[in-house]
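These protein sequence lines map, in sequence, to chains C and R. Under this note's numbering, the residue at position 46 of the first sequence is numbered 46, and the numbers go up by one with no gaps. Under this note's numbering, the residue at position 76 of the second sequence is numbered 76, and the numbers go up by one with no gaps.
Hints were generated in silico from the structure; no laboratory data involved. Please read these numbers as outputs of a predicted model, since none were measured by experiment. Nothing false has been slipped in among the hints.
Straight-line Cα separation of at most 20 Å, EDC-like style, residue types lysine to aspartate or glutamate; simulated pairs: (1) Lys499(R) - Asp522(R); (2) Lys28(C) - Glu316(R); (3) Lys360(R) - Glu34(C); (4) Lys222(R) - Glu40(C); (5) Lys6(C) - Glu361(R); (6) Lys432(R) - Asp418(R); (7) Lys310(R) - Glu45(C); (8) Lys454(R) - Glu276(R); (9) Lys6(C) - Asp619(R); (10) Lys289(R) - Asp463(R); (11) Lys48(C) - Glu316(R); (12) Lys310(R) - Glu40(C); (13) Lys344(R) - Glu22(R); (14) Lys48(C) - Asp317(R); (15) Lys222(R) - Glu34(C); (16) Lys497(R) - Asp393(R); (17) Lys622(R) - Asp405(R).
A few chain C residues that face chain R, going by a derived Cβ cut-off under 7 Å, partial list only: (18) Ala9; (19) Thr10; (20) Val12; (21) Tyr14; (22) Gly33; (23) Glu34; (24) His35; (25) Phe38; (26) Arg46; (27) Arg49; (28) Met50.
Pulled from the structure, derived: some chain R residues nowhere near chain C, Cβ distances all over 10 Å: (29) Ser3; (30) Glu280; (31) Phe283; (32) Glu296; (33) Ala352; (34) Gly359; (35) Arg521; (36) Leu593.
C-beta atoms are modelled at their ideal positions from N, C-alpha and C, and glycine is treated no differently.
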Amino acid sequence: MKVFFKNTATGVRYQIVKIDPKDAKDRKVVLQGEHGQFTELFDPERFKRMGYLLVQEQDEEAA
Amino acid sequence: MTSWNRANKLGFDFETSGTLPEYALQPWRRAQGEKFWATSLVYINQQLGWVHGGVNPTREMMAEMLQYAIDNNMTLVGWNTPFDISVLLAYGLHDLVMRCKWLDGMLFWKHATVTPEYDTNRSKKKHYGLKGLVAELWPDQAGYEDDIDFNSTNPEMIEKRWRYNIKDVIFTLRGAEYWWDWLTPGQRRCALIEARCLPMVAEANLNGMPVDTLYANDLALKLNADAAGAMGKLAQWGVKPAVLRSPTQLSRLLFTEWGLPAIKKTETRALSTDKETLHELSFIDDRAKAIKTYRESVGNQAKFADAPIKSVTYNEDGCTHPQAFIYSTYSGRMTYASKQGRNKDERPVGFAVHQEKRGKEFRSVLIAPSGYDMVEFDADGQEFKWMAVASGDPTMLSLCLPGQDPHSYMGAVIAGRDYFELMILVAGEDEKGLLQRKMGKLGNLSLQYRTSAKRLCSVARVDYNMPMSLNEADHIWNTYQHTYVMVPVYWDNQIIKVKRDGYVETFAGRRVQMTGDWNNRDLRWSLESTAINFPIQGTGADQKYLALACLRDYCREHYIRFMLDMHDGLYFLIPKATTAEAVPYMKHVLDTLPYKKAWGFEPPVPMTFSAKVGPSWGDLKKWEG
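Chain R with its partners taken away, still in its complex shape (with noise of 0.2 Å):
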């Protein structure tokens, strides 16, 4: 699709309400007893001149016009659209909504204008709201929706709700065609790409995830009991809770009282208490060791199992239903939203999902729903991968190949010994075979950002619990940039490339604008950063978009539904009985992207996934076939 065809384009946007005025944004509860509805529909055709749609609409009514658009090969056009698509899924349209094309002028305005979340002041980041888009693009229309009430039943307002929804539908088109016009070749493949996947989002959201509520209280005691055992030994030391809420208090504990030795400083100069600098001082003293177990074991409780029994409570439907959303960050990849709404009218409608520990205990607070196994298929060495065909470094190159592992090799480098030999070692899972290989896995994954000797010493103190000194972390560094010695020449020549161009573009050709000031020094490093982590990790997104494109249909035909998109993982649930067929068939699907006819682009290396399967986050088997 090169120009904007307004003919085959249907406007179209919901005005929704519920028992609550809070449940107009949660489709779910349609399912409980009509608790949400939509109080109006509009779809427009521009180049036809007619407004459809009506005040209550019906399913039927719903229902015609995804007809109408599949029967005239018409693409619905939303702003936000997954919130409409979700709509569209709570009222049981969901396989027309999957027959149909969507497109979003959300996401073309954020792929046409997004710069790095660090650029910008936070208060002013661009959240790409239709409002917004009115206020930048047409000013004197600005505020249309001023003396709007949303839940009214008065015939007055609902006629000026009608029309403020036409309103809507209109600023969408005209933005939509706006942006598409500003968006180069390769971001129009993004976008659309990307568009593909709506519905997919759309329907994760709105069916939320399953919590095993029982498990999560359980784990809710467990990390109580450790916060208790921590404070108790705490006690006899005359250290009280509140202490340890206030980072002041805490810092004049740690440091002026007890006399331990400062880590670092905040961006305020005062000495900084968070986790690296408990994580160091535990090391050497006990009553920072027990600091640390009570906050870890405090915030865990709070954020992964108070937080995930809170919102299935709020929800009523024994799911947690994080917002998935496609918009906020620069990379491309997907944020999840805990809540709803701010302050007073905050809603615990999910948790922090995509912050969540790794490991079982944790993980099996989210569990298949009945008759489902959960799938997760997993980019093989995804950053790897990408920095390899970014680089082009021969050795990282054939480390992609099928047979090889990265980490050994590198693993093996570090300790000077032979490759092939690390291999066997790791294989029959040999001790000390299995800690090279880690501290070569560090290396690679730690080390391809641009990494310094010190802050690997404190990654692999930190994330790895890994002891290491400042010596053992030069020479890992060391190493790194004489096995691979093609990507430091990609680092700087990417930063000359980026700084001459004003924008950093991934294989696919999604862009991010890159016209921060190169001279200040607090923002340089985070610029060169960008351009040198964005064509990985935005390849990435790029990566699980086309993924999920490609299994559109194929899901649709099996009752297959998306779930999550963590890190290098996307998750599915499928329905029992087909899990043995469909997922081979699913990874044959994504071991064989077709890269090229989407990005224009063959990969030199074969990109692979791998799946697990089980009942629970916390039960993934892998899967043998």
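So here's chain C without its partners, still in its complex pose (with noise of 0.2 Å):
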């Protein structure tokens, strides 16, 4: 199962590779991009901001 951040206003999405550590403050995500493979310090409060939600495979298949 994969799984995305999609942005919801641009349509642009990036697969979560992995989140570690899972319980940590300052927890860093691995996404995959069009481009490549980078990290981002994970805030869910920013990435809300920035109009990202997490989505399955399935649920894409079924947008």
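Could you fit the two chains together into a complex? Lean on the hints.
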């Protein structure tokens, strides 16, 4: 099952490769973009403010 | 407003601090657990002879000042006022701020004395700061800031800082009055319109612009891969990255080792390796093409992907805060500072947004905040229209009327074909027709400021990516001169007039002093160009300030935020629920700006705006209503 962060406003999406460490306050997320993988500090509030939502592949297909 | 009335002016100024000294200039830190605060506020009415305010001012104290100004119909006067207004906004006083009237002594000083940048030694460029004013007008008082510690909590220093703050306001009022008296009625008009925009600029600086850091990271990867690909090719020819970073070594490689033809020289007479040179060489040599790709990719990654991410990380609020500055260009256009401080104190608060590349790929980095649409209002054919008005050229003026397309017209004349036939081809997106229109656009936009055929050739190749021979450029150049016959006449007349008057003026009355040495061969071309360009480009700036001034109340009432001023466009953030109503209304306001009332001059052709709406700067689509 692939999980993505999808920007609901612009439509761009990034596949989550891993979130590490899972419970730490400053946890980082490795994302797969169109041009490669990059690491981003995972702040759920900021991701939300940027317009990103978590979606699974099957949600994508349904959409 | 003709004479300066001390009775209705409230001079004011803040001193500020933060949990780090540098935060004192970053009011957006207030929202981050109060990492920013005001250490003192002074407001003074000279006529009544009183000083109000206090140390560690509260929000209530600030609101009291604003309410007093509103109730007594007073105007608040500051120096570099956008900063002080952004302090008030950071304390949550948006509604009162937007209802107040503002003036800025720094703005008056600039309007009274500004000269073109090239006319001044860079190190002597005027910054119009208050301390510089005191040194110039009241030298015996200069250095009054010398032993002030802006962050100390020592009671003695707090007292000293308070007295310093009072002096700042007194000098602000004296300076503003001094320079107001210097201004012509036209300059005053422009300064007052610009002053009406100050709270909108302050708000934009405070709020910054949200960055999609995920997108920016992916863009950085793409540009990095482009650079790596180009470097991989160059490695086959034995080129190392260090060579590409040094203009001297690169020059040796291109022209000595590879024997490529020199294109032009630098000011120091060395062989140039600039963007234009590499662009020309890229047509004839694959190695030069790889160098061009490498340098562009590295530069674009640093400026337009890494820098926005870096500023977001630094600012800690998800936003980049390029600081709009209204005092830095002689034409009146806003510029944006990507950093605060210098050398080791440099802080990456923003990025070079005013240099941002065109196209979705780069611009998608900036997004609208959640719940907002980003809206662009672009002044249609702004410089073409103002040139039509300035030159009075009948063909140009007729092309400014509704339904006309000046670029198709010019393209048709260049190609020797029928104008309406080309319009039909363009409407049908015919490839050849579009190319001919593009040629017309290039001619219209590049030739209205005396560009030579040789320069046109270079602009076509570098900026428009259109191959062009010198013969073709010559043909376009001649066609332009025969099509718009009054434009060259305007150039000549304007040079004579400005040389005689010692200044050049926009339609609104903004002036630039042109007292430079017209006999200096190196300077003369620049002075003549300013004489020609300034009425067009400066009027463009005046038009945008008038637009902002006219939209201010509507924006306040509908929670609309000004975001950015860029080229011919003004960008706003509009709450989504309001967009459908706000865009047509704002467009109507912009299409019918009160030029006659504001400037005493009515343009003879309609000055219209186009609207685009979208979730990010890269996703703006034409507003169809």
